[in-house]
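Number of protein chains: 2
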Amino acid sequence: MPRQELEYPNEPYSTVKRLSARGRYSLKTIHQIVNSSHMLHVSFNSSDSPFPAILPMIGQMGSFDRPSADLDDVLELYLHGYVSSRIINLTRATPSDPSTPKGLPLSVAASHVDGLVLALTPNSHSLNYRSAVLFGHATLVTDVAEKLYAMELITNAIVPDRWRHTRVPPNAAEMQSTSVLRMRIATGSAKIRTGAPHDERGDIEDEELLERVWTGVVPMYQVFGEPVSGPYNKVEGVPGYLGEYAREANADSKRAAEEALVEEAPKKGSGAE
Amino acid sequence: MPRQELEYPNEPYSTVKRLSARGRYSLKTIHQIVNSSHMLHVSFNSSDSPFPAILPMIGQMGSFDRPSADLDDVLELYLHGYVSSRIINLTRATPSDPSTPKGLPLSVAASHVDGLVLALTPNSHSLNYRSAVLFGHATLVTDVAEKLYAMELITNAIVPDRWRHTRVPPNAAEMQSTSVLRMRIATGSAKIRTGAPHDERGDIEDEELLERVWTGVVPMYQVFGEPVSGPYNKVEGVPGYLGEYAREANADSKRAAEEALVEEAPKKGSGAE
Chain A
1 MPRQELEYPN
11 EPYSTVKRLS
21 ARGRYSLKTI
31 HQIVNSSHML
41 HVSFNSSDSP
51 FPAILPMIGQ
61 MGSFDRPSAD
71 LDDVLELYLH
81 GYVSSRIINL
91 TRATPSDPST
101 PKGLPLSVAA
111 SHVDGLVLAL
121 TPNSHSLNYR
131 SAVLFGHATL
141 VTDVAEKLYA
151 MELITNAIVP
161 DRWRHTRVPP
171 NAAEMQSTSV
181 LRMRIATGSA
191 KIRTGAPHDE
201 RGDIEDEELL
211 ERVWTGVVPM
221 YQVFGEPVSG
231 PYNKVEGVPG
241 YLGEYAREAN
251 ADSKRAAEEA
261 LVEEAPKKGS
271 GAE
Chain B
1 MPRQELEYPN
11 EPYSTVKRLS
21 ARGRYSLKTI
31 HQIVNSSHML
41 HVSFNSSDSP
51 FPAILPMIGQ
61 MGSFDRPSAD
71 LDDVLELYLH
81 GYVSSRIINL
91 TRATPSDPST
101 PKGLPLSVAA
111 SHVDGLVLAL
121 TPNSHSLNYR
131 SAVLFGHATL
141 VTDVAEKLYA
151 MELITNAIVP
161 DRWRHTRVPP
171 NAAEMQSTSV
181 LRMRIATGSA
191 KIRTGAPHDE
201 RGDIEDEELL
211 ERVWTGVVPM
221 YQVFGEPVSG
231 PYNKVEGVPG
241 YLGEYAREAN
251 ADSKRAAEEA
261 LVEEAPKKGS
271 GAE
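Residue numbers (UniProt numbering), protein chains in the order written: chain A, 1 to 273; chain B, 1 to 273.
Derived by calculation from the structure, the hints in this document are not laboratory data. Honestly, I wouldn't trust all of these hints.
Heads up, the list lumps identical chains together, so a pair's fine if it works in one copy or across two of them.
As the list claims (entries may be wrong) - Only pairs whose alpha carbons sit at most 20 Å apart, straight line, appear in this in silico SDA-like list of lysine to any residue:
1. 17 <-> 254
2. 28 <-> 124
3. 254 <-> 39
4. 17 <-> 194
5. 254 <-> 226
6. 234 <-> 176
7. 28 <-> 225
8. 234 <-> 212
9. 254 <-> 26
10. 28 <-> 69
11. 102 <-> 84
Whole structure, please, built from the sequences with the hints as guidance.
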């Protein structure tokens with residue numbers, strides 16, 4: 001019997017309303033988009049600003065309690081980067097409403113652009129993309145074992161297997177100076193566009209227009225160039241695990257952009273553009 | 001006499017605090033990062049959600065009043081994309097405090113990743129990146145001429161000169177169904193990391209470590225693949241303006257990643273990592 005695919009609950013703030021056929025709620029789809037992003041955008045409120053804060057951070061989803069968990073399992077998001085004292089203080093604040101989960105309410109977005117979609121009219125221009133949003137509550141990781149787990153998870157997300165090829169474990173000063181946030185996920189959603197342009201029937205039937213305007217998709221993807229050694233590097237050549245990752249990642253990125261050229265069958269509802 | 005370079009004011013919520021030497025406030029630097037981003041992340045609050053909304057949109061900075069304005073001039077951000085009825089209603093709300101500018105308080109982020117920075121220790125791992133944040137107030141563009149200006153600006157940001165190569169002007173139904181937001185900028189900042197890894201002196205003096213761990217930068221950049229025509233395309237070959245743009249953009253992206261290998265001299269203050 002195939003296992004049921006887990007989905008995030010549809011909250012009013014998380015449900016894809018416009019072009020709802022592009023909405024995806026599967027944990028696996030959302031976690032894949034997040035874990036393949038080199039940079040996430042994190043947003044939260046603080047009482048000293050009239051605007052929500054929005055900042056880039058690096059992060060990775062995993063499970064400290066069940067490190068062998070798959071991408072389609074319930075996971076937490078570990079965030080590392082520019083964790084300011086402002087954020088840290090906010091994560092410590094106790095909610096006034098005891099039914100609210102502890103921690104700083106956080107929204108996290110991850111997006112990949114897979115192509116430019118060029119249509120007959122400006123309005124039908126679009127992008128092929130995969131975009132995910134997660135909502136949850138962040139607290140500071142204080143347990144040493146969990147912090148080490150998260151540091152290894154995030155380092156190996158930069159380059160697979162990098163952790164054991166560096167000077168580890170971190171020393172006491174490094175453990176002290178590193179802040180890791182754990183975000184428990186309340187819910188999330190993804191929005192995905194694939195395929196060719198969609199124009200209005202009236203334009204597609206206009207022969208003069210069709211002969212004048214090129215329509216189609218320009219695939220886009222991220223590539224790694226040749227690694228460039230730093231001023232104090234003494235290792236000759238590029239290590240196997242690094243060179244192999246760069247080659248594989250380049251092939252994967254290109255393939256994702258090519259796969260996005262083919263329109264995915266809508267899951268439910270309507271809405272094409 | 002050289003013209004003074006304009007900078008955004010330092011507000012508590014916009015000032016780069018950690019590694020402050022990486023902070024940039026010049027309008028030109030910030031506007032360049034925003035206008036070269038295919039996707040922006042937009043964040044705002046709405047009373048029906050415990051979390052700030054965060055969503056991808058496309059946008060471009062320009063000036064309707066002075067269309068010939070340069071990137072280093074005062075500009076506004078025009079946003080297009082998934083402008084939900086929720087956002088539109090929020091932009092219409094009148095602030096309770098009359099000294100507050102009209103419109104929805106919005107935060108917008110744009111980020112480019114230029115490379116993976118691989119150091120001797122996990123803690124010193126980093127990314128080369130260019131990241132910008134803008135804060136301001138968004139209202140719906142209702143003037144027809146301004147809306148057309150913004151639609152052309154945004155279409156030509158997808159592919160330069162695309163607008164006049166499509167079926168324009170938009171018809172009444174298209175004008176009606178298209179929403180464009182204009183964000184007046186209150187302030188903003190950028191954060192940029194360039195250069196090789198920086199490790200602690202103790203690690204750099206550890207010969208065994210230096211001989212074991214490869215250190216350096218893996219450049220990263222976005223590329224366009226060969227354009228793929230859509231099902232109803234009748235134009236043979238790829239039009240010159242499109243092919244030329246894709247080639248130039250690929251060369252520019254690669255160059256940006258290569259330039260990021262060289263450390264920029266810090267402008268002021270301290271902070272290296």
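Exercise. Go through the copies and call it for residue 254 and residue 26: within, between, both or neither, with a Cα cutoff of 20 Å.
Key: Neither, since 24 Å and 35 Å both go past 20 Å.
Quiz item: Can you tell me if residue 254 and residue 226 fall within 20 Å by alpha carbon in one copy, between copies, both or neither?
Solution: Answer is both; intra-copy 17 Å and inter-copy 11 Å each pass.
Exercise. Please work out whether the CA atoms of residue 234 and residue 176 approach to 20 Å or closer within one copy, between two copies, in both situations, or in neither?
Key: Close neither inside one copy (29 Å) nor across copies (63 Å); limit 20 Å.
Exercise. Please work out whether the CA atoms of residue 17 and residue 254 approach to 20 Å or closer within one copy, between two copies, in both situations, or in neither?
Key: neither (30 Å within a copy, 37 Å between copies)
Self-check item: Alpha-carbon proximity between residue 28 and residue 69, which holds within one copy, between copies, both or neither at 20 Å
Solution: within (11 Å within a copy, 46 Å between copies)
Quiz item: Under a CA distance limit of 20 Å, which applies to residue 254 and residue 39: within one copy, between copies, both, or neither?
Solution: both (19 Å within a copy, 19 Å between copies)
Exercise. Evaluate residue 28 and residue 124 at a C-alpha cut-off of 20 Å and name the case that applies: within, between, both or neither.
Key: neither (30 Å within a copy, 31 Å between copies)
Practice problem: Have a look at residue 28 and residue 225 and pick one of within, between, both or neither, based on CA distance no larger than 20 Å. | Solution: Neither. Shortest intra-copy (29 Å) and inter-copy (27 Å) distances fail the 20 Å Cα cut-off.
Self-check item: Alpha-carbon proximity context of residue 102 and residue 84, limit 20 Å
Solution: within (19 Å within a copy, 30 Å between copies)
Quiz item: Between copies, within a copy, both or neither: which fits residue 234 and residue 212 at Cα up to 20 Å?
Solution: This pair counts as between: shortest inter-copy Cα distance 8 Å, intra-copy 57 Å.
Exercise. With 20 Å as the alpha-carbon cut-off, assign the pair residue 17 and residue 194 to within, between, both or neither.
Key: within (18 Å within a copy, 40 Å between copies)
Going down the numbered hints, you'll see the structure goes against 1, 2, 6, 7 and 9, while the others check out.
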